[in-house]
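Peer 1: Got chain X sorted already, so can you dock chain Z onto it with the hints?
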Amino acid sequence: MNGSEIGEFIGALLILTGAIASMLSVFGLIRLPDVYTRSHAATKSSTLAVLLTLSGAFVYFLFSEKFISVRLLLGIGFVFLTAPVAGHVIIRAAYRSKVKLADISTQDELYEKIHGKQTGDK
Amino acid sequence: MIAGMLTISVILFALTILVAVIRIILGPSLPDRVVALDVIGVNLIATIAVVSVILNTKAFLEAILILGILSFIGTIAFSKFIERGKIVER
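First to last, the protein sequences are chains X and Z.
Following this note's numbering, the numbering of the first sequence begins with 1 at its first residue and continues without gaps.
Following this note's numbering, the numbering of the second sequence begins with 123 at its first residue and continues without gaps.
The shape of chain Z in the complex, shown without the other chains:
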């Protein structure tokens, strides 16, 4: 029962990431693609949590923090690039 629910959850997260990839491919503007990339990052965090529950290990839980920080910094850098045209200003 519990294993079936976890498997269905992993399949649903994979479908979510697939649909977000479709939005990245056909998104009309650059902010559409960045929003879809943000969705992919957030769903990867959740997928890592579910895989760590399925495999019954605690070794993947650091990756959640690192992936969250990297996804946030990536979105901020993309938004600065869209707004001003450059990322690091001197």
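One chain only, chain X, in its complex shape:
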């Protein structure tokens, strides 16, 4: 096994790790009780999954064809910048449009600051 095959194996291992992380994050998306915890599961760990996968593809092309893909680097940077921002913005819109919290959550201190004094229908 020469150096090129070892590099390809490392790339494939990174891709497989990303796929397993993506599967775990989508378990959180289907099991958790309300939209805030679901976004916590979906946004962070699926960002990690796609970053691992794109890094694996970059390493694979680097070792198999000696090709440094600037597009993959740009894609890694762009996803790393925009995926947490998109998650934050959609959850901010959900809270401002009064999507309910889960029934097991006990405290909501931001509600009075934003929506006024009617905390009865939390």
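Please note that a few of the clues may not be correct.
[Stated by the list, open to error] Straight-line alpha carbon distances no greater than 27 angstroms define the calculated DSSO-like cross-link-like pairs of lysine-lysine that follow:
| # | chain 1 | residue 1 | chain 2 | residue 2 |
| --- | --- | --- | --- | --- |
| 1 | X | Lys-98 | Z | Lys-202 |
| 2 | X | Lys-66 | Z | Lys-180 |
| 3 | Z | Lys-202 | X | Lys-113 |
| 4 | X | Lys-44 | Z | Lys-202 |
| 5 | X | Lys-113 | X | Lys-98 |
| 6 | X | Lys-44 | X | Lys-98 |
| 7 | X | Lys-100 | Z | Lys-202 |
| 8 | X | Lys-100 | X | Lys-113 |
| 9 | X | Lys-44 | X | Lys-100 |
What the hints contain is simulated information worked out from the structure, not anything from laboratory work.
Peer 2: Frame of chain X, contents of chain Z only:
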């Protein structure tokens, strides 16, 4: 070995997208569905990368950038629509 790992990765990403489609169908509110759409966009980016590795070509790598930009703009537009009720304000 490497081909088997890549095939398993593609199958796992397909299962991920399938479960996100289930969340889109039965999500109680609109932000649930938008979060699931965001997950589908991000996983499509990763699937395109893996398919490009399997087919051993570099032709699909532009699609990663375009799909990332479109997914981000779609999520921002949906969140403005949920918060204010309209997207383009005059």
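Peer 1: Look at each hint and say if it fits the structure.
Peer 2: Each hint tested on the structure:
Simply put, Lys-98(X) and Lys-202(Z) have alpha-carbon atoms about 14 angstroms apart, close enough for the 27 angstroms limit, and the pair holds. Taking the CA atoms of Lys-66(X) and Lys-180(Z), the gap is near 12 angstroms; set against the 27 angstroms cutoff, the hint holds. A hinted pair counts as satisfied when its Cα atoms are at most 27 angstroms apart, and Lys-202(Z) with Lys-113(X) qualifies at roughly 21 angstroms. The hinted pair formed by Lys-44(X) and Lys-202(Z) meets the criterion: a straight-line CA distance of about 21 angstroms does not exceed 27 angstroms.
Of the pairs offered as hints, the one joining Lys-113(X) and Lys-98(X) holds, with about 13 angstroms between alpha carbons and a cut-off of 27 angstroms not exceeded. The suggested pairing of Lys-44(X) with Lys-98(X) holds, with an alpha-carbon distance near 23 angstroms, which does not exceed 27 angstroms. Among the hinted pairs, Lys-100(X) with Lys-202(Z) is consistent with the structure: their alpha-carbon atoms are about 19 angstroms apart, no more than 27 angstroms. This hinted pair checks out: Lys-100(X) and Lys-113(X) have alpha carbons roughly 16 angstroms apart, not beyond 27 angstroms.
A distance of roughly 22 angstroms separates the Cα atoms of Lys-44(X) and Lys-100(X); the hinted pair therefore holds under the 27 angstroms criterion.
Taken one by one, the earlier hints all hold for this structure without exception.
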